[in-house]
Amino acid sequence: MASRPPPRLVVRQHDDADPRRRLLWLALGWLVSLLLCGFIVSNLVRRTTPAAIDKRQTRELTEQNEALKQQVANLQRSQQVTDIATRALQGTMAEREEEINGLRADLGFYSRLVGSDAQRQGLKVQEIRLKPVADAHAWDISLSLTQNAKRGEEISGKVTLSVEGLRGDKVQRLEWPALGDAAQKDGLPFHFKYFQSLHATFVLPADFHPTRLLIKAQPDGDEATNRAAAWTEALSGDTTTQGNP
2 MASRPPPRLV VRQHDDADPR RRLLWLALGW LVSLLLCGFI VSNLVRRTTP AAIDKRQTRE
62 LTEQNEALKQ QVANLQRSQQ VTDIATRALQ GTMAEREEEI NGLRADLGFY SRLVGSDAQR
122 QGLKVQEIRL KPVADAHAWD ISLSLTQNAK RGEEISGKVT LSVEGLRGDK VQRLEWPALG
182 DAAQKDGLPF HFKYFQSLHA TFVLPADFHP TRLLIKAQPD GDEATNRAAA WTEALSGDTT
242 TQGNP
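Note that the working numbering has the sequence shown beginning at 2, numbered continuously upward.
In short, the hints are calculated from the structure, not lab data. Only a predicted model underlies this, so the values are computations on that prediction, with no experimental measurement involved. There's no promise every hint is true.
Unchecked claim - With a cut-off of at most 25 Å between alpha-carbon atoms, the simulated BS3-like pairs for lysine-lysine come out as follows:
(1) Lys159 - Lys186
(2) Lys159 - Lys194
(3) Lys217 - Lys132
(4) Lys217 - Lys194
(5) Lys159 - Lys217
(6) Lys217 - Lys171
(7) Lys132 - Lys186
(8) Lys70 - Lys56
(9) Lys186 - Lys217
(10) Lys159 - Lys132
Kindly produce the complete structure, drawing on both the sequences and the hints.
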């Protein structure tokens, strides 16, 4: 049996610097990777985060602005509706007030027409109203003539008017033939049983300042009825009366 050769012991020199180099490279690699990650993250944060925040804030502000605009528009529409409704209500109230005043005047008119003392009343110039027309010196006049309903008979005749006023420093009276239409120089005709409204237009001289109206209603075959009214009262329509001066 062959004998084995004896084992050989190989002795190698130990290098203490090799593990330290490996640790150094590992540490250096870890530091480089850490710095690289930090750089990448910092760059991403710097580039993307402000833009995202700005975009979100812009969107929120835009939404808030649109909401505020809508609220303002709603309030404006509501105010417009309120204003329109208020004007309509005021107009309706004014119309109703005018109707009530008209009804009151009519009630007074008919009450006087059929009143208990009406048997003693014949022809009357009940109301006088003046209104200026386009021409500064032209005027429309409306007259209401009445007689008591209990008389039960028709009456006819003519109405004339004259105007008193100042011309320069003198008092002057302008008669109907100088004021009215030549076709009605004899007066405005009337014919009624209970009441009648008459209308006419007349012109005053430019230098004439009127102060008073004088109305004369002349029935056929009977005594005339006279009525005087201040010019300002005739303009305001405040001339309804139960008697004639």
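Consistency of the hints with the structure:
| no. | hint | in the structure |
| --- | --- | --- |
| 1 | Lys159 - Lys186 | 11 Å, holds |
| 2 | Lys159 - Lys194 | 15 Å, holds |
| 3 | Lys217 - Lys132 | 20 Å, holds |
| 4 | Lys217 - Lys194 | 19 Å, holds |
| 5 | Lys159 - Lys217 | 8 Å, holds |
| 6 | Lys217 - Lys171 | 24 Å, holds |
| 7 | Lys132 - Lys186 | 21 Å, holds |
| 8 | Lys70 - Lys56 | 21 Å, holds |
| 9 | Lys186 - Lys217 | 14 Å, holds |
| 10 | Lys159 - Lys132 | 22 Å, holds |
In summary, this structure violates none of the numbered hints.
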